[in-house]
Structure formats: structure tokens, C-alpha cells
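Protein chains in written order, with the working numbering: chain P, 1 to 393; chain X, 394 to 483.
Here are a few chain P residues that face chain X, going by a calculated C-beta distance under 10 Å:
{"id": "1", "residue": "266"}
{"id": "2", "residue": "268"}
{"id": "3", "residue": "271"}
{"id": "4", "residue": "285"}
{"id": "5", "residue": "290"}
{"id": "6", "residue": "308"}
{"id": "7", "residue": "356"}
{"id": "8", "residue": "357"}
{"id": "9", "residue": "359"}
{"id": "10", "residue": "361"}
Since the hints were derived computationally from the structure, they do not count as laboratory data. The beta-carbon is built from N, C-alpha and C at its ideal position, and this holds for glycine as well.
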Amino acid sequence: MNGFIEVDYAQNWKHSERIAGDVFLLSRDKTEGRIVCTLSDGLGSGVKANVLANLTATMGQKFTTSRMDIVDSARVIMKTLPTCRERKISYSTFTMVDINSSGVAKIVEYDNPPYMLIRNGKVLKIEKTVIPLENRFPGRTEQLYYSEVNLQNEDRLIFFSDGVSQSGMGTAKLPLGWRTPFIEEFVTAEINKDRNISARDLSRKITSRALLNDIQKAKDDITCAVVYPRKPRKLLLVSGPPIDPENDQHLLEKYEAFTGKKIICGGTTAGIIAEGLNTEIETDLRERTADIPPLSRMEGADLVTEGILTLSKTAEMLETKDSWVAMQTNAVRRLICMLMNTDEVHFLVGTKINEAHQDPSIPVELGLRRTIIHRIKTILESKYLKQTFLEYI
Amino acid sequence: MEKISIEICTGTTCYVMGASDLLTLEEHLRPPLSSSVKISGSTCLGICRDKRFKPPFVRVAGKLIAQASVRKVLKAVEAEYSGGSYAYDE
Numbered sequence: 001m002n003g004f005i006e007v008d009y010a011q012n013w014k015h016s017e018r019i020a021g022d023v024f025l026l027s028r029d030k031t032e033g034r035i036v037c038t039l040s041d042g043l044g045s046g047v048k049a050n051v052l053a054n055l056t057a058t059m060g061q062k063f064t065t066s067r068m069d070i071v072d073s074a075r076v077i078m079k080t081l082p083t084c085r086e087r088k089i090s091y092s093t094f095t096m097v098d099i100n101s102s103g104v105a106k107i108v109e110y111d112n113p114p115y116m117l118i119r120n121g122k123v124l125k126i127e128k129t130v131i132p133l134e135n136r137f138p139g140r141t142e143q144l145y146y147s148e149v150n151l152q153n154e155d156r157l158i159f160f161s162d163g164v165s166q167s168g169m170g171t172a173k174l175p176l177g178w179r180t181p182f183i184e185e186f187v188t189a190e191i192n193k194d195r196n197i198s199a200r201d202l203s204r205k206i207t208s209r210a211l212l213n214d215i216q217k218a219k220d221d222i223t224c225a226v227v228y229p230r231k232p233r234k235l236l237l238v239s240g241p242p243i244d245p246e247n248d249q250h251l252l253e254k255y256e257a258f259t260g261k262k263i264i265c266g267g268t269t270a271g272i273i274a275e276g277l278n279t280e281i282e283t284d285l286r287e288r289t290a291d292i293p294p295l296s297r298m299e300g301a302d303l304v305t306e307g308i309l310t311l312s313k314t315a316e317m318l319e320t321k322d323s324w325v326a327m328q329t330n331a332v333r334r335l336i337c338m339l340m341n342t343d344e345v346h347f348l349v350g351t352k353i354n355e356a357h358q359d360p361s362i363p364v365e366l367g368l369r370r371t372i373i374h375r376i377k378t379i380l381e382s383k384y385l386k387q388t389f390l391e392y393i
Numbered sequence: 394m395e396k397i398s399i400e401i402c403t404g405t406t407c408y409v410m411g412a413s414d415l416l417t418l419e420e421h422l423r424p425p426l427s428s429s430v431k432i433s434g435s436t437c438l439g440i441c442r443d444k445r446f447k448p449p450f451v452r453v454a455g456k457l458i459a460q461a462s463v464r465k466v467l468k469a470v471e472a473e474y475s476g477g478s479y480a481y482d483e
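Okay, chain P solo, but in the shape it has when bound (with noise of 0.2 Å):
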């Protein structure tokens, strides 16, 4: 496996909660190229469920990048996990992924339902190892499971807490729960669907017909995670004029020769490769609202927008995860829709500064280029584990 790892998870809460349940934690190692995640079912819900199970995954997440064994981890966890008195089983369950550089995930599972791997759009059978665990309660044993998967581009590996697994539980259709041949019947039958899907729209996938067969009223939090290793698909955001004309040529080239989506943010800046690649920008009025100038089309662009105002707000929109689903479709929905749908982020960003944003009657605070994409870059590393890269011209 070469390439990009996309993960990516959905949930919704209990019906009636203000608060999940279970608690999905990802970190991404750059310079190793390691990912870490874990999902953690906390005991009943609410409040309570999410201490437990944010207790659970912190630390699953902290043992396992520092470098411990993902077993001896999970070994600590159980120790510490306190138990419930009256029912005898752990007040967490567990799912922990650690994927290395070249695509090696070592998964350890608690009492969570079994994950799946997909695989050409078919559901690839694993071998466990049970880890039998110390007897903590007579008359009951409880064990780990741990299994080694060579992640392949294109693959799906899946998982998520029992309110996907045990949705539609009593109803007429499912009066055992959506078990696990039924959501691997409608998971095959997604792939096979669409075989680009992102882990991020299969994992809303599942999450909503969990719900759906809740009758939209959830009876456990439902999370659902996927990891979809691929290769990467790209972006490049050009944005600002570089400080000394001679380099709109260098601007030019670097422009032509991505190969990707390509999106400018700023007048000027389209004005210069529009003139460079001898083409026409038209602006369409239609999508606008007061505060968001329109878009523009050029040949060639995936997107031109306005500059400071769009990435101001972009930066802002994205601080909230899925905080622009309920916007109305304008320039800032479209760049955000298109950096979620990338796994690589090139900025190229020209560091003259536009004399006209610095007079004192504009009556907004117009933000410097550089610290916007910065922040922008910041929050698609941290927050949406994107690729990114920076360059400055």
C-alpha cells in the first residue's frame, strides 16, 4: 500500500442525549506516517457514558503512540476500567487501530462489535488471535481479540459501537438488530455502488440507515468509523499575488503543471492566470449572500472565488466539524466541499499585500493572506487529518 489513508467517522446521539456516549480519538504521526485511533463505548449514556468512554479512548490513544504494545495497552486499560457492581462487565468497550507507514494495522477489539474489511467489494474473513484476559469476575471470561491486516489500496476497513449493530432491534424488520450479515450486505452493496466512496460518506451512510432503522430515534449512540487507504487525490489552492511581479510566471507554471483540482482564491490572483493562460473569468452573480462575493468560472479552475472574505470565513466554517452542511450553497460551501473531498492540500500563496485592504474606512477587519491560510492549513491538519504543504511565492 502506497498512498493516502482517509479516515473518517459519523455519529449520532442517543435519542434525548446532549452528549455521546462513545468517543472516537484519531491522531495521524506525520513524520512516520502512523495512524492511531480508537473508538470507545462508554456504558450506558449520556454524561456518564462519555466520561468513561473518553477515559477508555484517551488512553488507549496516549499508550499506543507512545510506542507501547497495542495489546499490553489494552491490558491497562481493562485494569483501570472500573466495573459495574451490579452487572459484572467493564464500564467501557474498546476498538484500537494502529496503522504504520506502509499499511499494517494492528487492530485490538473489546466487546465492541467485530470490525470488517472489505475488499474488492467483497468481505475479507480475519484471522483473531483471542487474548484471554486475568479472571476479573468468577464465572466469566473475558477476552481480547487481536489480528494484523495488510491494508490494501481501496480497501475499507470498518467499525463502529453496538447502536449500529443492534439498531432496529425489536422492530418488525430487524427484531434482532441490524447484525452483521445485514450491514455487510448494505456496506458491499455501497462500495459496489460507488467504489470512490470516501471514508467520510460511508460512514454517514451507515450511520443514517442506523438511525433509519431506529426510526430516527436513536436507541444507543450510534458511531460508526471507516479507514479507506487510497491515492491521494489532490488540491491546489492558489491564493495572492506574489510579491514581485516577475514571479507570476513561476505562479503560471506551477499552476499548469498540478495535476488536480485546482482552486484560486482572489480576484487579482485570477485576473494574472486568466491573462497568463489567455482566458476569460465570468463572474455568476446567482450565489451570493452579503457577506460571500460570488464565485467565478474559468477554464480549466475548479473553483474561483474572492479572496480574504471566502477564506475568512472558510477558516471559520471549518472550526465546527460539518458546521456548512446547513449553508446555502455558495462560494465557501463549494471550497469547503472540495478540501473534505482531498487528502493532499498544496497552498501556493503570493505574499504581496493588497495596499487597498490596509485603508481605515473598510469597515471590516480584513485579515492578512498568510495567517488565514495558516490557519486554514492548521485546522485541516489537526482537526480533518489532511496532507498539507505550504508555499509561499
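Could you slot chain X onto chain P? The hints should help.
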């Protein structure tokens, strides 16, 4: 008759200085003017670098209106339509 072109700058400076209001221009046009104009946007007319003029900028039939407002643009369009004169900035 050839339509009168109205080009509205939607660059950052113009947008915050009032171009967002100017984009509602179409709603203020009544017949026969509404059918005699062609409104388009521009990513940046490039005039903000010229210290003599203040944004937002609109070009009516190729001529510049600085500190443009819906009222100013309407007056210019009326003048263009009836063959009258309007004091353009450039």
C-alpha cells in the same frame, strides 16, 4: 439597440465597501431599463490600486463610477438610455 453593460467589481475591497448591495441592482431596475442592460460581475476591476478613486467600483458602458451606489448607477444608466449625460469619474 445594444444593451448597456454594467460591470460590478466583486473584489474584496469593493465587496466590503458596498458591492454586496450593488449586486441587488437588478431588483431596482424597472422597464424599459431592466431589459436594456446587461449586468455582470468582475473578480477585480483593478482600480483599487489607484489612490484617486474610492471603492466600490462599477463600470457603466465602460465608464467608471467610484464610490458607487445603486442610486448613482441607476442615474448613469438612465442617462445612457436617454442619451443624457452623467458625470463619470473617469
